[in-house]
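Residue numbers (the working numbering), protein chains in the order written: chain A, 197 to 310; chain B, 197 to 310.
Simulated from the structure, these hints should not be mistaken for laboratory data.
Backbone N, C-alpha and C define an ideal beta-carbon position, used for all residues, glycine too.
A hint or two may mislead.
[Stated by the list, open to error] With a Cα cut of at most 20 Å, we get these calculated EDC-like pairs of lysine to aspartate or glutamate:
# : chain 1 : residue 1 : chain 2 : residue 2
1 : A       : LYS263    : B       : ASP221
2 : A       : LYS304    : A       : GLU276
3 : B       : LYS263    : A       : GLU242
4 : B       : LYS304    : B       : ASP227
5 : B       : LYS263    : A       : GLU249
6 : B       : LYS264    : A       : GLU252
7 : B       : LYS263    : B       : GLU276
[Stated by the list, open to error] Which bits of chain A does chain B cover? Going by a derived footprint, with three or more residues having C-beta under 8 Å, they are:
#  : region
8  : 205 to 214
9  : 228 to 237
10 : 254 to 266
11 : 281 to 292
Number of protein chains: 2
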Amino acid sequence: MNNNCIFCRIIAGEIPAAKLYEDEDMIIIRDINPMAKVHLLLIPKEHYADIIEMTEAQSVTLARCLKKLSTLTDTLGLAEGFRLVSNKGQNGRQSVGHLHIHIIGGEKLSENMA
Amino acid sequence: MNNNCIFCRIIAGEIPAAKLYEDEDMIIIRDINPMAKVHLLLIPKEHYADIIEMTEAQSVTLARCLKKLSTLTDTLGLAEGFRLVSNKGQNGRQSVGHLHIHIIGGEKLSENMA
Chain A
197 MNNNCIFCRI IAGEIPAAKL YEDEDMIIIR DINPMAKVHL LLIPKEHYAD IIEMTEAQSV
257 TLARCLKKLS TLTDTLGLAE GFRLVSNKGQ NGRQSVGHLH IHIIGGEKLS ENMA
Chain B
197 MNNNCIFCRI IAGEIPAAKL YEDEDMIIIR DINPMAKVHL LLIPKEHYAD IIEMTEAQSV
257 TLARCLKKLS TLTDTLGLAE GFRLVSNKGQ NGRQSVGHLH IHIIGGEKLS ENMA
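Turn these sequences into a full structure, and let the hints steer you where they fit.
Structure, rendered in structure tokens:
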């Protein structure tokens with residue numbers, strides 16, 4: 197755990213947030229600035245900044261998170277489709293230095309992803 | 197290989213496309229409708245539509261692809277950051293039914309991802 201990381205503190209329960217899903221690998225919470233009807237964040241519990249810092253073991257955990265997510269999408273209101281987004285660094289407008297995946301849907305999204 | 201899939205046909209060499217990177221797991225090509233200065237597609241060689249269809253073995257391969265991508269980003273012009281996007285279904289505006297990850301960067305992207 198990184199004490200300066202808001203996501204680590206949410207995972208640890210130090211900052212309150214409604215966890216829509218939680219298991220040993222990850223949490224899923226709502227984005228506080230939603231860009232669509234459904235805008236969630238999948239956050240692995242281990243702290244690492246991005247795929248550049250990600251170890252091989254962490255990549256396998258991330259794969260497991262994506263597989264689990266695939267079983268949850270109907271429950272999360274995403275049966276008609278969704279967009280997964282992960283931002284890295286300045287050009288990507290990464291906002292928190294703890295890897296996370298935006299899960300966006302609940303309506304037809306725009307074509308533009310850039 | 198799915199003979200009706202444009203990405204399978206590119207992977208097989210039946211449809212010409214400049215492969216910026218290729219290994220046993222994936223290819224990286226340029227998106228033909230770029231939305232930013234750098235807009236690439238990471239395409240796993242195995243044909244499956246999306247994370248819902250993805251097997252556990254395919255998820256581990258996808259993790260390996262992401263790890264490899266993390267070693268290539270500087271070469272690909274993405275040192276200042278990037279955005280990874282994967283669209284699923286109608287609401288996500290998925291265009292090809294073979295899982296692929298958009299790699300977008302080369303300039304500061306917009307805040308809106310939806």
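Hints the structure violates: just list their numbers, smallest first. 8
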